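**Q** What follows is each chain in one-letter form.
Protein chains: 2
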Amino acid sequence: MKNIYATIITIGDELLIGQVIDTNSSWMAQQLNQIGIAVKKRVSIGDNAEDMRRALDIESKEADVILITGGLGPTADDITKEVLCEYFEGKMVLNEGALENVKYLFETIYKKPVSKVNLAQAEVPDVCEVIQNKRGSAPGMIFKRGGKIFISMPGVPYEMQGILNEVLPYLKEQFSLPAIIHKTILTAGIGESALAEMIAGFEKNLPEKIKLAYLPNYGMVRLRLTTSGFDRIATQKVIDGQFNELKELVKKYTVTNEDETMQVVLGKLLLNKNKTISTAESCTGGAIASLITSVPGSSSYFEGSIISYSYAVKENLLGVKNETLNKFGAVSEETVLEMLNGLLNKLNTDYGIAVSGIMGPDGGTPDRPVGTVWIAVGSKEKMIAQKIQQRFSRHKNIEVTSTMALNLMRKFILEQ
Amino acid sequence: MKNIYATIITIGDELLIGQVIDTNSSWMAQQLNQIGIAVKKRVSIGDNAEDMRRALDIESKEADVILITGGLGPTADDITKEVLCEYFEGKMVLNEGALENVKYLFETIYKKPVSKVNLAQAEVPDVCEVIQNKRGSAPGMIFKRGGKIFISMPGVPYEMQGILNEVLPYLKEQFSLPAIIHKTILTAGIGESALAEMIAGFEKNLPEKIKLAYLPNYGMVRLRLTTSGFDRIATQKVIDGQFNELKELVKKYTVTNEDETMQVVLGKLLLNKNKTISTAESCTGGAIASLITSVPGSSSYFEGSIISYSYAVKENLLGVKNETLNKFGAVSEETVLEMLNGLLNKLNTDYGIAVSGIMGPDGGTPDRPVGTVWIAVGSKEKMIAQKIQQRFSRHKNIEVTSTMALNLMRKFILEQ
Chain A
0 MKNIYATIIT
10 IGDELLIGQV
20 IDTNSSWMAQ
30 QLNQIGIAVK
40 KRVSIGDNAE
50 DMRRALDIES
60 KEADVILITG
70 GLGPTADDIT
80 KEVLCEYFEG
90 KMVLNEGALE
100 NVKYLFETIY
110 KKPVSKVNLA
120 QAEVPDVCEV
130 IQNKRGSAPG
140 MIFKRGGKIF
150 ISMPGVPYEM
160 QGILNEVLPY
170 LKEQFSLPAI
180 IHKTILTAGI
190 GESALAEMIA
200 GFEKNLPEKI
210 KLAYLPNYGM
220 VRLRLTTSGF
230 DRIATQKVID
240 GQFNELKELV
250 KKYTVTNEDE
260 TMQVVLGKLL
270 LNKNKTISTA
280 ESCTGGAIAS
290 LITSVPGSSS
300 YFEGSIISYS
310 YAVKENLLGV
320 KNETLNKFGA
330 VSEETVLEML
340 NGLLNKLNTD
350 YGIAVSGIMG
360 PDGGTPDRPV
370 GTVWIAVGSK
380 EKMIAQKIQQ
390 RFSRHKNIEV
400 TSTMALNLMR
410 KFILEQ
Chain B
0 MKNIYATIIT
10 IGDELLIGQV
20 IDTNSSWMAQ
30 QLNQIGIAVK
40 KRVSIGDNAE
50 DMRRALDIES
60 KEADVILITG
70 GLGPTADDIT
80 KEVLCEYFEG
90 KMVLNEGALE
100 NVKYLFETIY
110 KKPVSKVNLA
120 QAEVPDVCEV
130 IQNKRGSAPG
140 MIFKRGGKIF
150 ISMPGVPYEM
160 QGILNEVLPY
170 LKEQFSLPAI
180 IHKTILTAGI
190 GESALAEMIA
200 GFEKNLPEKI
210 KLAYLPNYGM
220 VRLRLTTSGF
230 DRIATQKVID
240 GQFNELKELV
250 KKYTVTNEDE
260 TMQVVLGKLL
270 LNKNKTISTA
280 ESCTGGAIAS
290 LITSVPGSSS
300 YFEGSIISYS
310 YAVKENLLGV
320 KNETLNKFGA
330 VSEETVLEML
340 NGLLNKLNTD
350 YGIAVSGIMG
360 PDGGTPDRPV
370 GTVWIAVGSK
380 EKMIAQKIQQ
390 RFSRHKNIEV
400 TSTMALNLMR
410 KFILEQ
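These protein sequence lines map, in sequence, to chains A and B.
Take the first sequence: its letters are residues 0 to 415, numbered as in numbering that gives the first Met the number 0.
Take the second sequence: its letters are residues 0 to 415, numbered as in numbering that gives the first Met the number 0.
No lab work stands behind these hints, which were simulated from the structure alone.
As the structure is a prediction and not an experimental result, all values here were calculated from the model.
The beta-carbon is built from N, C-alpha and C at its ideal position, and this holds for glycine as well.
Any given hint could be a false lead.
[Said to hold, decoys possible] Okay, derived cross-link-like pairs now, EDC-like style, lysine to aspartate or glutamate, Cα gap no bigger than 20 Å in a straight line:
| hint | chain 1 | residue 1 | chain 2 | residue 2 |
| --- | --- | --- | --- | --- |
| 1 | B | Lys115 | A | Glu191 |
| 2 | A | Lys110 | B | Glu196 |
| 3 | A | Lys203 | B | Glu81 |
| 4 | A | Lys102 | B | Glu196 |
| 5 | B | Lys110 | A | Glu196 |
[Stated by the list, open to error] These stretches of chain B come out as covered by chain A in the derived footprint (C-beta under 8 Å, 3 or more residues):
| hint | segment |
| --- | --- |
| 6 | 344-351 |
| 7 | 388-394 |
Using the sequences plus the hints, can you model the full thing?
**A** Structure follows, in structure tokens:
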């Protein structure tokens, strides 16, 4: 039995000039990993026939499965289908299933006339196997050559995902796949190098088959153990043993031992305790509420928020005293505590988060530089406030502050 | 004079298992484009010495500049520096500037003791030119071989950006670079294929040197014209002529003729008119406020928001009548109009946006399926409401709804 490797090729000029961020590759990589196919490489190239052929040549030497996204749209800049047709020495034919699908989409769903360019999307090379696209007009295509499998899908994430969901069982049938097992711990409140020193002894003694990675993001660090093996039970046992050891070592900083986000962990905690939450946000401008409500079912514990960007809203909706704002400023312990108090009185939730700070790039003062943030969390019975200092861009300052606020709330609830 | 091409190689196992999304490549590509270097290819590989050497071999044949990020951290899984040292046949030496920087960072900024692993970050191959990292402990490194330039930078976006900002002037000195000119139009309210038909004649007559791309995102489509040339003035003139023609053709759907986001366009409009705005959000959970406040300086026109996830908050803070909620439901024209009315009375802004809908994956009913959303925009004098139907994942439904709400608001303001 051998390991099966995949390369992901994403096609589109927009990927090379930085106009869009490639989210497809990550999602595809996750899905492939789950069924035991390791992604060895990811490649992005432009809508250029020569570059496509060269990438296909190079990557089919290194990988067993080549996943290709992009360049299947109805417009003239999309040439992937034509290039693949030529590369695999086929000729274009109309696919009846794809034609029906295009007609159905336009007539029934979009309620628009079907145009000639859309009808052309139902044409495919006669050397491929078609996977119908239920979410759009460009069908997926499977090609085979020299024992390698090439799968072409649209670049629109929602359409690609629909097609890949059908491709995964197909790939499982084609190969005998090992189990790839990842175990992750999300930590907060400790930096990457401090973590590394804390677990240096553990890392040194780790069996060679198990890889440890440090993944810093949003001001948190995720630790990941990875291994693979054809005997799932034995493989699982080895990694579980190591994981239990690691868990003990870092438990002081652990948010969760599952591969889940801070907002999911906080949501589960609130659900378990049957408690509700709300937020009062100034500098984060709704980002904390957005994180909380990104979780399906969050309406069970999230009541709402007051985003108070101006002094007027802080005073009128949250009841912050004008005197407090004038004496201590909007970014102060006194103000966030009054924001939190006002929030809990107005929204009547069990817990609340209040944040006020300066996210930049402008607005700093000598004693309150850009990045100064006050966070308060608590309940009507007890409130705590903490000052933090961010050192990043506006966007990243907002992200990291939001996650830190959720973590502070999480720890507060656990201590009650 | 010849075109100069770059390849971006990002290194890290996390890029291949889908645990993080690669935002670095997009940013780097944008910066390179601006100085006239075209990115030909992007490659992601794991923390694996053999894969790195192979990627360096392949890419240095195709590109003039090879930008490498990742694998420079202090932990054992980071091996990029060692691999580069061996690849370029150097040996590790302590760099005094990097050492000073590490000491300064830990002693003055982080206020933590400097550890042995951190000190090791000040070691670099003796065959490279060092670019000091003012935002972290891993220095940047420039290698040269066979007329090609290799630049290694940390994978942490904020640190990479700091180093690349110093690399760009260096690259400009090394090459005689052409002007690469992009012109973009952001459209909303029309699909990709309908747009393509509308401008089919224009596209057919476009000079070969100018490329047209359709970039759908967030339910909008961006049209981009691209060309390049060593004579900047002549090149600019050719593309400007075509761009003016394109602008006329799609002006009915145009949000902006600059490369800027919907939230930036709306912000400028409010600033110009000296008007203020607020939002009342249910299903978007703060995502609209987040978009508005992602723009630096938004505090000049954004007052705040009321996120009303529950009936109680809709009633108590926004004054939605209990009768309205019971009779028409939270997702109804009546409710969003009352939300908007309550918002404008409470926050006293010139304009307001109110949204209520069902984002999924659950919560739909036969007459209000998942994806049903009501949006209201307006002022105290005039309000309009519109029903839309989303067809995506929870995350994407929230994204697209938020952008559509901002666009509806923008159009409303333009009509006043």
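**Q** Now tell me if each hint is right for this structure.
**A** Results for each hint:
For the given pair, lysine 115/B sits about 14 Å from glutamate 191/A by alpha-carbon distance, which is consistent with the 20 Å threshold. Simply put, lysine 110/A and glutamate 196/B have alpha-carbon atoms about 17 Å apart, close enough for the 20 Å limit, and the pair holds. Among the hinted pairs, lysine 203/A with glutamate 81/B is consistent with the structure: their alpha-carbon atoms are about 18 Å apart, no more than 20 Å. At most 20 Å may separate the alpha-carbon atoms for a hinted pair to count; lysine 102/A and glutamate 196/B meet this at roughly 17 Å.
At roughly 17 Å between alpha-carbon atoms, lysine 110/B and glutamate 196/A fall within 20 Å of each other, so this suggested pair holds. Only residues whose C-beta sits within less than 8 Å of a C-beta in chain A count toward coverage, and the segment 344-351 of chain B has 3 of them, enough to reach three; the restraint holds. Only residues whose beta carbon comes within less than 8 Å of a beta carbon in chain A count, and the segment 388-394 of chain B has 5; three or more means the coverage holds.
Of the hints listed earlier, there is not a single one the structure fails to meet.
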